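Enquirer: Sequence:
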Amino acid sequence: MPIDIAFLAIAEAQQLYHWLPAALELARRPDVRVSILSPSDMILALVTSYDPEGRLNIVRLARPPSRPDSLFRQPSRLATLLLNLSTIARFPTLVTTEISSAWLRRIPGFHPRLILIKHGAGDREGGYKKRHADFDLTLVAGEKDRRRMIERGLCTAETVAVGGYPKFELKAARQRFFPDDKPLLLYNPHFDPALSSWIKHGPDVLAALESLTGWNVIIAPHTKLARKVPAITSSAPHIRIDMGSRRSIDMSYTMSADVYLGDVSSQVYEFLIEPRPCIFLNLDRHDGSGDAFAHWKLGQVIERADALPAALARANDLQPGYVAAQKAAMQQSIDLSPVPASQRQADLILNFATAPKDS
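For the sequence shown, the residue numbers in our numbering are 298 to 656.
Do not take every clue at face value.
Unchecked claim - Okay, derived cross-link-like pairs now, BS3-like style, lysine-lysine, Cα gap no bigger than 25 Å in a straight line: (1) Lys-426 to Lys-525; (2) Lys-468 to Lys-427; (3) Lys-624 to Lys-427; (4) Lys-521 to Lys-426; (5) Lys-468 to Lys-497; (6) Lys-468 to Lys-654; (7) Lys-497 to Lys-479; (8) Lys-497 to Lys-594; (9) Lys-594 to Lys-624.
No wet-lab data here; the hints were simulated from the structure.
Quick caveat: nothing in here was measured; it's all calculated off a predicted structure.
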C-alpha cells in the first residue's frame, strides 16, 4: 500500500511555491502517492506546469459559489473545507501552507495529521497566529522562525522543524524588463494596513518614483494588497506596474532588481538571496527597534517619500556596510543547507507521516 500524502492547495497562487517542491520530491519517492487538492482549475494548471511527468495525483475539489477562478482570488477557505470534508478527511496526512485548515481540528472524528509549511520568512508579528498551534508539525524556513514559534508558545521543540526555503528551487531567472540598461528598482509594498507604505501614502510614493531619473522601476505590490486597492497606474515610461501575475510570485522581479524598496514584506529575504541594496519606507514613523522590523537593519530606512532619490544615490556606496548583516539575517531566516530544501521537507513530512501516532 502506498503512503498517501495530500497537499491542500486552497490558498492563492503565491503560496504554491512554498509547498510544490516538496510535493514533487515526495512524488518521486517509491511507495508514496502525492495528491494535490484544490477547487481551482487555474491553480491546478499552474501545478501541472511544473510536473511534466505527471507524478502528482490531481484532485479537483468542489468549488463553493465565488467569483470567477483566478490565481489570486480563491473561494472562502472555510467553505471549501466544509464542502469537501469527506474527500479531505480520507487522507491520513495533510500538508498546507495556510492556517485556515486548523479549523479541521474542531470536527469530531477528524483524525488526519496536519502539517503546516509556514510560507515566507519575514519578521512581521502578524505572521504568528494562535491557529499555528493546532498543527501536528510545522516546517519553517530557518532558525529565526523556529525560535519565535517556540517562544510564542505556538510550537514545542518537537513540533517544529527547519526545512529551508524550497521556493528558491523554482525561482525564475534574471530578466530584462526595459529596453535600456538603467538599474532596476523594485517597489514591493505589503498589504498590512497598519504597516503598508502604500495604503496611506500611495500618491506620495508614486510621485517619488515618477520623479526618478536614471532608474527603471517595477511596482509589484503583494498580491493581497493588489486585490484591496484601486489599480496603480502611471504614464511614466520608466515605470512598470504588476498588480498580480506569475512574475509577481515566481521571483522574476526579486532576481532581476538591483535595489529593493519596501516596508515589511518577507520578499526582502527572497531578494537577499544575493546581497544587494535595500531601502525601507517608514512613512508612519513606527518604532523599528523590535523583532517585527528586524529586516530594517539591512538597509537604509527613510521617513519621507521625497527622500528616495537621495537614498538611491548613496545606496551603492553604503551597501558594503550592510553585506555582513544581510548575510547573517539570511542565515537566521532561511537555512541554506547544501541539501535542497525540497528534499529536507520531504524527509520531514515522510518521517512524520510514517511515525506511530502516539510518538
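Enquirer: Take the C-alpha atoms of Lys-426 and Lys-525, compute the straight-line distance between them, and say whether it is at most 25 Å.
Expert: Since the Cα atoms of Lys-426 and Lys-525 sit roughly 22 Å apart, the hinted pair holds (cutoff 25 Å).
Enquirer: Against the 25 Å threshold, does the CA-CA distance of Lys-594 and Lys-624 hold or violate the hint?
Expert: holds (12 Å)
Enquirer: Is Lys-468 close enough to Lys-654, meaning Cα to Cα at most 25 Å?
Expert: Roughly 36 Å separates the two Cα atoms, so the pair is violated.
Enquirer: Tell me if the straight-line CA distance from Lys-468 to Lys-427 falls inside 25 Å.
Expert: violated (31 Å)
Enquirer: Hint check: Lys-497 vs Lys-479, CA-CA at most 25 Å. Holds or violated?
Expert: Given pair Lys-497, Lys-479 is violated - Cα atoms ~29 Å apart, limit 25 Å.
Enquirer: Does the structure keep Lys-521 and Lys-426 at a Cα separation of 25 Å or less?
Expert: With Cα atoms ~18 Å apart, Lys-521 and Lys-426 stay inside 25 Å; holds.
Enquirer: Is Lys-624 within 25 Å of Lys-427, Cα to Cα?
Expert: violated (30 Å)
Enquirer: Taking only the CA atoms, is the gap from Lys-468 to Lys-497 under or equal to 25 Å?
Expert: Judged against 25 Å, a Cα distance of about 32 Å means the pair is violated.
Enquirer: Given the hint that Lys-497 pairs with Lys-594, does the C-alpha gap stay at or below 25 Å?
Expert: holds (23 Å)
The structure fails hints 2, 3, 5, 6 and 7 (numbered hints given earlier, in ascending order).
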